[in-house]
Amino acid sequence: MTALQLLDYTAVFVFAVTGALTASRAQLDIVGFVFIASLTAVGGGTVRDLLLDRPVFWMADPRYLGVAAAAAVIVFFTAHLVESRYRTLLWFDAAALAVAVPAGVAAAAASGQPASIVLLMGVVTGCLGGLMRDVVCNEVPLVLKQGELYVTCAFAGAATALAVLAATGQPLPALIACAAVTFATRAGSMAFGWKLPVYKARPPRQY
Amino acid sequence: MTALQLLDYTAVFVFAVTGALTASRAQLDIVGFVFIASLTAVGGGTVRDLLLDRPVFWMADPRYLGVAAAAAVIVFFTAHLVESRYRTLLWFDAAALAVAVPAGVAAAAASGQPASIVLLMGVVTGCLGGLMRDVVCNEVPLVLKQGELYVTCAFAGAATALAVLAATGQPLPALIACAAVTFATRAGSMAFGWKLPVYKARPPRQY
Amino acid sequence: MTALQLLDYTAVFVFAVTGALTASRAQLDIVGFVFIASLTAVGGGTVRDLLLDRPVFWMADPRYLGVAAAAAVIVFFTAHLVESRYRTLLWFDAAALAVAVPAGVAAAAASGQPASIVLLMGVVTGCLGGLMRDVVCNEVPLVLKQGELYVTCAFAGAATALAVLAATGQPLPALIACAAVTFATRAGSMAFGWKLPVYKARPPRQY
Chain A
32 MTALQLLDYT
42 AVFVFAVTGA
52 LTASRAQLDI
62 VGFVFIASLT
72 AVGGGTVRDL
82 LLDRPVFWMA
92 DPRYLGVAAA
102 AAVIVFFTAH
112 LVESRYRTLL
122 WFDAAALAVA
132 VPAGVAAAAA
142 SGQPASIVLL
152 MGVVTGCLGG
162 LMRDVVCNEV
172 PLVLKQGELY
182 VTCAFAGAAT
192 ALAVLAATGQ
202 PLPALIACAA
212 VTFATRAGSM
222 AFGWKLPVYK
232 ARPPRQY
Chain B
32 MTALQLLDYT
42 AVFVFAVTGA
52 LTASRAQLDI
62 VGFVFIASLT
72 AVGGGTVRDL
82 LLDRPVFWMA
92 DPRYLGVAAA
102 AAVIVFFTAH
112 LVESRYRTLL
122 WFDAAALAVA
132 VPAGVAAAAA
142 SGQPASIVLL
152 MGVVTGCLGG
162 LMRDVVCNEV
172 PLVLKQGELY
182 VTCAFAGAAT
192 ALAVLAATGQ
202 PLPALIACAA
212 VTFATRAGSM
222 AFGWKLPVYK
232 ARPPRQY
Chain C
32 MTALQLLDYT
42 AVFVFAVTGA
52 LTASRAQLDI
62 VGFVFIASLT
72 AVGGGTVRDL
82 LLDRPVFWMA
92 DPRYLGVAAA
102 AAVIVFFTAH
112 LVESRYRTLL
122 WFDAAALAVA
132 VPAGVAAAAA
142 SGQPASIVLL
152 MGVVTGCLGG
162 LMRDVVCNEV
172 PLVLKQGELY
182 VTCAFAGAAT
192 ALAVLAATGQ
202 PLPALIACAA
212 VTFATRAGSM
222 AFGWKLPVYK
232 ARPPRQY
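Chains as they are written, first to last, in this note's numbering: chain A, 32 to 238; chain B, 32 to 238; chain C, 32 to 238.
The following block holds chain A by itself, in its conformation from the complex (with noise of 0.2 Å):
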């Protein structure tokens, strides 16, 4: 198994986690559970890899939607031994994203793009699943959410991943680079209140 497909697994099972703690806030029945926790898992890589022009990892390989399956019947049978089920997602979510980055990171790598597109297909790989999910779901999507970084995660991670990269040319500890900027800087957002400066409206200047 090589790194990108053991990225693409984790990433998979654990995105599809969140789906279905989103499922469970919806109240669906397990197929619901399936349904959008496939959505999530395959939602960024599927788009990654139209966008590639590479074949699409999951038509490849079926055993990714028995994972994703698999992980949505787990959490509709024990999601209720959890205290909060928002946080539990919140911080599935900042895992899923921590896996998913260096995954397209290193499908973009692979297919021998220039830097900007390695970058960018990270930051798809990573946040578009779970846009999906929320925008499916009805719920305030994570990436617009406000006074968080999100996207800035993604983008601070697969930077790393390119500077790792540039700096030792080897995929491996750019990966792990990856992973752990996207990881840490999500975590601290999340428990230490991290953030940039949002948009505020002012009233316009007067003369």
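Just so you know, these hints were derived from the structure itself, not from any lab.
Among the hints, erroneous ones may be present.
Where chains are identical, the list cannot tell them apart; a pair therefore holds if satisfied intra-copy or between any two copies.
In the EDC-like style, the derived pairs of lysine to aspartate or glutamate whose C-alpha atoms are separated by at most 20 Å in a straight line are [as the list claims (entries may be wrong)]: (1) 226 to 179; (2) 231 to 170; (3) 176 to 114; (4) 231 to 92; (5) 231 to 84; (6) 226 to 84; (7) 231 to 179; (8) 226 to 114; (9) 231 to 114; (10) 176 to 84; (11) 226 to 92; (12) 176 to 92.
Following the hints, put chains B and C in place on chain A, whose structure we already have.
Below, chains B and C alone, put in the same frame as chain A:
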């Protein structure tokens, strides 16, 4: 005309009717009817064809969009004749699902895909057009409606197609059985309240 | 630089401004501005290129995303200077539509597509970026706004392009006429209330 084309034409027409009925609820003009009807009608099949890396069916034969536009115009001038536009929409949607699932199954089988992908292409083709319609028009997606079967019906129909195909080796009975099972389970859910148990939040166990 | 590239760059910049203005309404940070601006700017053209099975335009030339990011940063620091951000958004959106429709027409014509597909690619390229922006940011999609022309303007512009192309055989006047008709109809609708009759629910006829 092949069986797949006939299924695609029928699914396009019936889904276009549901899109136009949704447009009538949003009080759009006739071009808005055509836009939403076309999006609904070709959305699922477009995703199917992009995933399968086939030419998109309505790009290869734009008459599909003529069919969708005709359905939109008919609904624009006749929707006031039906007593409940929402109930009419639900029944047309059930019929469209029952035609689109075998259309997805037939397209994937014709591309020589493995059984798991054939199953999924049935679900994708059946569910995604209506999902796009509901997300764009800001209706609660039918796939998420509590206490009703929807994705389950698509799964059941596609699984039936695979079973009949494996047993008989004949595509035509497989597609007919697929449509019948999809429609019967969806209609049973609407008429008699058939459903699966939904997730219920319970307080965490106390020890 | 070809006419198509010039149209694509202009559409990207102007749509990015509308995305950033929408981000300002959601009070996002600067990375959120860049994310929504980029999604809006390249959304329609990306769907166009996937449907036409061409390389996605901004993957082949990432400078497009630099343009979108620059627009987002400019708006982040200057949006407080305009009196009504929503009215500014509407007029930039009209300008973007008037550039994106000919961009879609030009791309489809360059791919040797038949007239009906050329027409549709104009509508798709013009309307889908803004639709994605509105769905993700949970605004009422402009394409669905009651009592205003929107998709109609894209249709009218694309049809004009086809008519001028058929009459003169020259692409440049066709693209200019397309932009002019799209903008004039959309501006007329916003300024003077031009509209088509909308669907009105009437009680079923009594016999």
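Structure-based check of each hint:
1. 226 to 179: Answer is within: at 5 Å inside a copy they meet the 20 Å cutoff, but 39 Å across does not.
2. 231 to 170: between (23 Å within a copy, 19 Å between copies)
3. 176 to 114: neither (22 Å within a copy, 26 Å between copies)
4. 231 to 92: Neither: 47 Å inside a chain and 33 Å across chains, both beyond 20 Å.
5. 231 to 84: Classified as neither; 40 Å inside a copy, 41 Å across copies.
6. 226 to 84: The answer is neither: 35 Å in one copy and 40 Å across copies each exceed 20 Å.
7. 231 to 179: Classified as within; 15 Å inside a copy, 30 Å across copies.
8. 226 to 114: neither (27 Å within a copy, 28 Å between copies)
9. 231 to 114: between (35 Å within a copy, 14 Å between copies)
10. 176 to 84: neither (31 Å within a copy, 35 Å between copies)
11. 226 to 92: neither (39 Å within a copy, 31 Å between copies)
12. 176 to 92: neither (34 Å within a copy, 31 Å between copies)
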